[in-house]
Each structure stands twice: as C-alpha cells, then as structure tokens.
Amino acid sequence: MAYDPGSQAGPHPGPQASPPPASGAAPAGPFVPGGFVPGEVVVHRSFTTKRLVFVRAGHVVGHDERGLRLWIPHGCPMAVELSTDGRGLRDMPFAEWIRQSTVLVTRPWPGPNILMLIPPAGAHSVWWFWDRQGRFARWYINLEAPAVAWRYDGLVGVDTTDHDLDLWVCPDRTWQWKDEHELAERLAFPEHYWVTDAAAVRAEGERLLRLVEARAFPFDGTWCDFQPDPSWRTPDTLPPGWDRPRAPGTTETGPR
88 MAYDPGSQAG PHPGPQASPP PASGAAPAGP FVPGGFVPGE VVVHRSFTTK RLVFVRAGHV
148 VGHDERGLRL WIPHGCPMAV ELSTDGRGLR DMPFAEWIRQ STVLVTRPWP GPNILMLIPP
208 AGAHSVWWFW DRQGRFARWY INLEAPAVAW RYDGLVGVDT TDHDLDLWVC PDRTWQWKDE
268 HELAERLAFP EHYWVTDAAA VRAEGERLLR LVEARAFPFD GTWCDFQPDP SWRTPDTLPP
328 GWDRPRAPGT TETGPR
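Going left to right, the sequence shown walks through residues 88 to 343 as this note's numbering numbers them.
The set of hints was computed from the structure by calculation and includes no laboratory data.
Predicted model only: the values in this text are computed from it and were never measured.
A few of these clues could be false.
Derived CB-CB ranges, DEER-like [claimed, not checked]:
(1) PRO315 <-> ARG186: 38 to 44 Å
(2) ARG177 <-> ASP312: 30 to 36 Å
(3) TRP255 <-> ALA286: 18 to 24 Å
(4) SER318 <-> GLU278: 31 to 37 Å
(5) HIS279 <-> GLY173: 28 to 34 Å
(6) ASP178 <-> GLY122: 23 to 29 Å
(7) GLU267 <-> PRO197: 23 to 29 Å
(8) ASP259 <-> LYS137: 38 to 44 Å
(9) ASP240 <-> ARG186: 16 to 22 Å
(10) PRO326 <-> ASP259: 37 to 43 Å
(11) PRO197 <-> SER318: 31 to 37 Å
(12) PRO317 <-> ILE185: 42 to 48 Å
All C-beta atoms, glycine included, are put in the ideal place defined by N, C-alpha and C.
Sequences and hints are given; from them, build the entire structure.
Here it is as structure tokens:
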C-alpha cells in the first residue's frame, strides 16, 4: 500500500461519474517527454479501479526520457478515503472495510518530503525520502498500475491504482518487502479487491530489486541531493477539479 502515516477527519466527498472528453489530455504512458513544465502544480491521484481514494498536490520537477518527476512536500494538501467514523483502510480488517460507507477527507500531508519518479513505462514509481534535517533517508518502490497523465481544464494530474505490495530500500541497498500481509489478506476477496494478478505485482518488484542490487539507475545515487526550487509555493488547498473522474486511458479493470 502507498505510504500512509495516518488519517484525520474533515470530509469532502467527490463525484464518480463518467469523465467528459479530456480536451488536451496527455496520453496514457509512456509519457511524451517534456509534456509537463517544472513548477506546475500537479495532483497525484490513486484509485481502487473506479473510486478515488487518495490525492496529494505537488509540483512538477522535470519530465524527460527517464520519466516524470514530482515533488510532494510535507504539509501539501491531500485527500484520503475514510469510513464515516473516521477510520482508514489500515485501521480494520479488509472484510470490515468493504462493508463501510466512505467519504474523502481533506487535510495536510503529514508525511515526509518526497521526490517521486514515474517512469515512462512500468507498473511502479520510485520515491526518495528525506529526514527532518534534509538528509536522504531511503528509497521507496511503490508498486502500482502504469500511470495515466492528463491535462483537463487547466489542471495537471497523474492517475494510478496502488497495488499495495511495496519495497523499502536503504542507502546501503539493503531492502525489505512492505505490506505483504495486506496483499495476502485482500486477495481473499476478489469480488472487492482491485489487484487481480498478485504474481505480476511481485514480479515487478523483483525486477526493480535487480536494479537495486546492481546499484543501477534510479538506485545509483541520482537525485539523492535534490533540493526543490525555493520559488515554488505549495497551494493551501487542493486545486479545483482535483476530484474529477478518472482520466481515460487506464488499463485497470476490476471491482469498485
């Protein structure tokens, strides 16, 4: 599951209607290099196939043949799906979660600063984490559906579906799987779960681990000294349109 340091109340429901034609939308990956401008505000959104469940606003860092890079700072506006009593997906068994009524709740992102690399192809993204002193702490491999980038009505966004299984990678390239138990628990509910091929998810993680162990890009030290442009101003709230329907072009299929 995508890194989530916790939840807090403050509901903001979002629509789930079919999307209108996305005039000027960027194509589904592979991304066209240069399609996004450094400093642009972007919403990075996660869906459980059909339903929006997690959003953070950040800035475009760069966009080239290596992929799209985003800066997601501590304190940026976010939205997360919670049950109506304020609990999150990780606060209860999945068998209980699927019976809950839910709302999207807005709040500041309480987690660390993140540099996120969304590759031009592949079912993952790679995140760089820093500690409170600004020192590089570790990488995080988020296993997810290939991202769909879009522009609509002046808004820039990236949509994906989280595949729950992830990897921590330390600066010395030691690593460990994360959330294996969550994946195993949820696979028992195929009529509700958005991951349909657990073997493919793990294979993608193993492919990335070969790069880790070879100290190959992006685990070769690139961007470990990254500093965001001091002129960037993080918005106080999510921009209008953050809860618009999922962009067309995704290959995800499944329940919910």
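Against the structure, the hints:
{"no.": "1", "hint": "PRO315 <-> ARG186: 38 to 44 Å", "result": "holds, 41 Å"}
{"no.": "2", "hint": "ARG177 <-> ASP312: 30 to 36 Å", "result": "holds, 32 Å"}
{"no.": "3", "hint": "TRP255 <-> ALA286: 18 to 24 Å", "result": "holds, 21 Å"}
{"no.": "4", "hint": "SER318 <-> GLU278: 31 to 37 Å", "result": "violated, 49 Å"}
{"no.": "5", "hint": "HIS279 <-> GLY173: 28 to 34 Å", "result": "violated, 21 Å"}
{"no.": "6", "hint": "ASP178 <-> GLY122: 23 to 29 Å", "result": "violated, 38 Å"}
{"no.": "7", "hint": "GLU267 <-> PRO197: 23 to 29 Å", "result": "holds, 25 Å"}
{"no.": "8", "hint": "ASP259 <-> LYS137: 38 to 44 Å", "result": "holds, 41 Å"}
{"no.": "9", "hint": "ASP240 <-> ARG186: 16 to 22 Å", "result": "violated, 36 Å"}
{"no.": "10", "hint": "PRO326 <-> ASP259: 37 to 43 Å", "result": "holds, 39 Å"}
{"no.": "11", "hint": "PRO197 <-> SER318: 31 to 37 Å", "result": "violated, 24 Å"}
{"no.": "12", "hint": "PRO317 <-> ILE185: 42 to 48 Å", "result": "holds, 44 Å"}
Against the hints set out earlier in the document, violations occur for numbers 4, 5, 6, 9 and 11.
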